[in-house]
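Chemist: Chain U is fixed; fit chain C onto it per the hints.
Protein chains: 2
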Amino acid sequence: MIKLRRWNALKEISLLKLRFQSNRRTFCSKRRQLFAMSSSTMELTFLGTGSAYPSPSRGASCVILKMDDGSWMFDCGEGSQIQLQKSKVRAGKVNKIFISHLHGDHMFGLPGLLCTISGNNQRSEPLEIFGPVGLRRFIRTSLELSRTMLGFSYIVHEMKVLPCQIPPDVQKWKIEDSCNEQRLHPNERKGCLIEADSDNVWTLLSNDKISVKAVHLKHRIPSFGFCIQEAASPGKLDLSKLSLQGVKPGPWCKEVKEGRIVTLPDGRTIDPADVVGPPKPGRKVIIMGDTCNSSEIYTVGMDADVLVHEATLQNSLKDMALEKGHSTPAFRLLAHSTFSTLILLGMAAEVGKDLRIRLLVLTHFSQRYMPVSDEYEEEETVSILVKEAQEIMGPNRVLAAEDFLSITIPLRPAPQTEGSEVNEHNLAVFKQSSALKEDHAENSQVKKKVLKHNGEENELTSTEEVKAKRLKVEEPPS
Amino acid sequence: MIKLRRWNALKEISLLKLRFQSNRRTFCSKRRQLFAMSSSTMELTFLGTGSAYPSPSRGASCVILKMDDGSWMFDCGEGSQIQLQKSKVRAGKVNKIFISHLHGDHMFGLPGLLCTISGNNQRSEPLEIFGPVGLRRFIRTSLELSRTMLGFSYIVHEMKVLPCQIPPDVQKWKIEDSCNEQRLHPNERKGCLIEADSDNVWTLLSNDKISVKAVHLKHRIPSFGFCIQEAASPGKLDLSKLSLQGVKPGPWCKEVKEGRIVTLPDGRTIDPADVVGPPKPGRKVIIMGDTCNSSEIYTVGMDADVLVHEATLQNSLKDMALEKGHSTPAFRLLAHSTFSTLILLGMAAEVGKDLRIRLLVLTHFSQRYMPVSDEYEEEETVSILVKEAQEIMGPNRVLAAEDFLSITIPLRPAPQTEGSEVNEHNLAVFKQSSALKEDHAENSQVKKKVLKHNGEENELTSTEEVKAKRLKVEEPPS
Chain U
1 MIKLRRWNAL
11 KEISLLKLRF
21 QSNRRTFCSK
31 RRQLFAMSSS
41 TMELTFLGTG
51 SAYPSPSRGA
61 SCVILKMDDG
71 SWMFDCGEGS
81 QIQLQKSKVR
91 AGKVNKIFIS
101 HLHGDHMFGL
111 PGLLCTISGN
121 NQRSEPLEIF
131 GPVGLRRFIR
141 TSLELSRTML
151 GFSYIVHEMK
161 VLPCQIPPDV
171 QKWKIEDSCN
181 EQRLHPNERK
191 GCLIEADSDN
201 VWTLLSNDKI
211 SVKAVHLKHR
221 IPSFGFCIQE
231 AASPGKLDLS
241 KLSLQGVKPG
251 PWCKEVKEGR
261 IVTLPDGRTI
271 DPADVVGPPK
281 PGRKVIIMGD
291 TCNSSEIYTV
301 GMDADVLVHE
311 ATLQNSLKDM
321 ALEKGHSTPA
331 FRLLAHSTFS
341 TLILLGMAAE
351 VGKDLRIRLL
361 VLTHFSQRYM
371 PVSDEYEEEE
381 TVSILVKEAQ
391 EIMGPNRVLA
401 AEDFLSITIP
411 LRPAPQTEGS
421 EVNEHNLAVF
431 KQSSALKEDH
441 AENSQVKKKV
451 LKHNGEENEL
461 TSTEEVKAKR
471 LKVEEPPS
Chain C
1 MIKLRRWNAL
11 KEISLLKLRF
21 QSNRRTFCSK
31 RRQLFAMSSS
41 TMELTFLGTG
51 SAYPSPSRGA
61 SCVILKMDDG
71 SWMFDCGEGS
81 QIQLQKSKVR
91 AGKVNKIFIS
101 HLHGDHMFGL
111 PGLLCTISGN
121 NQRSEPLEIF
131 GPVGLRRFIR
141 TSLELSRTML
151 GFSYIVHEMK
161 VLPCQIPPDV
171 QKWKIEDSCN
181 EQRLHPNERK
191 GCLIEADSDN
201 VWTLLSNDKI
211 SVKAVHLKHR
221 IPSFGFCIQE
231 AASPGKLDLS
241 KLSLQGVKPG
251 PWCKEVKEGR
261 IVTLPDGRTI
271 DPADVVGPPK
281 PGRKVIIMGD
291 TCNSSEIYTV
301 GMDADVLVHE
311 ATLQNSLKDM
321 ALEKGHSTPA
331 FRLLAHSTFS
341 TLILLGMAAE
351 VGKDLRIRLL
361 VLTHFSQRYM
371 PVSDEYEEEE
381 TVSILVKEAQ
391 EIMGPNRVLA
401 AEDFLSITIP
411 LRPAPQTEGS
421 EVNEHNLAVF
431 KQSSALKEDH
441 AENSQVKKKV
451 LKHNGEENEL
461 TSTEEVKAKR
471 LKVEEPPS
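Protein chains in written order, with this note's numbering: chain U, 1 to 478; chain C, 1 to 478.
Only chain U is shown next, with the shape it has when bound in the complex (with noise of 0.2 angstroms):
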């Protein structure tokens, strides 16, 4: 059973007071679809790209999702929040936290950014911060110890953990990960305990504007990939549908595209399923922690727009990767799942094809790979990794992140027929950015890259010019 009823109950109670708020109105059937409309704004960030540790060239891992609500961070190796400080980030709007996994370099970050955002800013809703059992012992622990009170309250619901995931060197390894729920710190709310449903996947967040959906992936402990979907918006009101019933448009309009049937008061009723077009499908993103086997995505990932993977080693060093728990950029093998079933396992690339996906980043890079530069022979860089990758899924789809490097997803098209696939619709393009504060700009590698993309570094002011500048997205194969 999945512990999320504040939400559900929170879900329940906006969709009762939507019911009674109108007595004019008739409301959708079951089978039609409530849309909300979509958060303009999605935007990847990422402030971390190295494996292992935090160096000068690259921050550990971290990673932000910008909506218009807030930002999510998914990750927060050490020195996070300087890298956050040096981008164009707004530490204030960071609402979430998502924790993939409890290794240090994806985590050691956290205590000491609740103490650098609470020094900034005044919450009044509480931070919300998810991740695996252990994750809370370990916020409590650091913010105990150091006898640190923030100036807003945080809450962390923890993913009960299959026994699957558990390595036999680390169930060896008897260690207290649950800590005393009669004692928060003075800032805590009591969380949640999150477990997985019967097709293993963890349901963190649903709400009608989005939901948060959380798989297990093969690694030395517990990891979580995320699936990060955005609601349907609605489609299209066609208006000389409406013409042909001698309609004139009006205010409840917005009503009809939002799903609702409306009753005019001529007593005549207007069915969106005559006048609205196919409903907008909402924007899908993975961002996933480390693995070397990331199978159990497929269960959610399918047709995502973008998909962050790591790519640790290069795949001539599959070996020494899938010995760390790691993933290299491009690999299939026959393998056994975390369940002892035979699949075929595939990496990174591999499984952006298998899931139709848009754009695939790699990222978690150890740091023998530097960032693309003039200062570096190509063999040095990233470079590598990212042919390797775009072997299997074409030279325009597959992208390396580097620090600082930001990437707007643009809103789906509407499917132009009914029953059509969003995935037929392809020249999906994903601009870049640089989100380096200008202070820190000077020699950054970001900076170069995404001006040799867009051709210059503003912003692109006319439609020809967007068009001509963005990084075209391949059609996905069929």
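Each statement offered as a hint is correct.
The list makes no distinction among identical chains, and a pair is therefore deemed to hold if it is satisfied within one copy or across any two copies.
Cross-link-like lysine-lysine pairs, in silico, DSBU-like; alpha carbons within 30 angstroms at most:
1) 254 x 236
2) 431 x 88
3) 437 x 448
4) 324 x 174
5) 324 x 93
6) 88 x 437
7) 174 x 160
8) 449 x 437
9) 431 x 209
10) 190 x 174
11) 88 x 448
12) 447 x 437
Please keep in mind that the hints were generated in silico from the structure rather than gathered at the bench.
Keep in mind the model is a prediction, meaning the values are calculated, not measured.
Modeler: Just chain C, lined up with the frame of chain U:
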């Protein structure tokens, strides 16, 4: 009782070994001191000089004291490992770590540092870590929950805190700061609990080469200052006095220099008191944790070569500084000591003046003060703080620390007359250099600052050049 039995035992063993090694030597009496050769290198490198949190312009607190036997780290705020990688300090050489107090900006970098230095080197000796009670639990919890296995062993020696060190609000907030001593981390060796002696001094380390003592400082949580005292080294053998006795120098001279009475083959005895000049006093360095009242350092800190003292805010903000438990550069008021007696409380330069410190290095600056640079107006930088301290200590005896500034502490000259005090010998010189690796040195303020002081960045070659270009330290007031 100070539980440092292991060190004392080791010290005794080495003395016994020395006693039985030779049957023709007559050993020193208890009155005579057994000298060790001083470590020739003693260099302070600042890796982080900011307060509260690490920023792009200042790292969080971290200082390295490099000596011939290894490098000791004092405090380890978040991101210290990144600063270490940027610097010329060799991570593998860090063999002791001292944590002044448990605020996050002084210790949140420690678990990550341990993980990173684990990957790069295999130590034969355990890494020793010293700090207040609670440090062991922080390190163990962080390493356990992240399932970190290190490539070396570590020991945490904790200082037992005095009741007077704990402010009332901290006393009210009951937390568990000890941990189960039956279940160590697999790489952990059992450490000591070090208690204060009757003078409220914690002896952390004491051998024939060096000692480290700690005193408590008033702050919002228990905080400590460290006094590192190098042993005195032998005085100069006066060959003219040997000649007067009709004795020619021989291999036994070394033993005489080291303070031992030697019996020559003809039966005559040579007493060091007759032929060896006064010993060269060892160097003394004080590195303080956060404090608004450092009066306890007076017990051990007299005549130190260097005092590293925090100066978070300028004098005009003394009320804010006091409220937050911090110091200003120079300020004196009648206040209650931690033992409720009335004292004339001094801060930074006032302490430096009282203790006849040769060089005061201010650090732990509020992030509002920028490094001295052409980019900022003087009043925006730490110059304000330096000037306030210089008004008390004179223009050439105060420095502002900057990230990557290194200061070489020269050997002390031997007193020229018996009974004379070391501080009568002025002209001590402290060479400054930049510890930034060349790759990161571009645009570095510390490089520019060193160039300004030393004229050129290259190593100085002749004594004349050294004399001309070093920063001269004024004679301390008598």
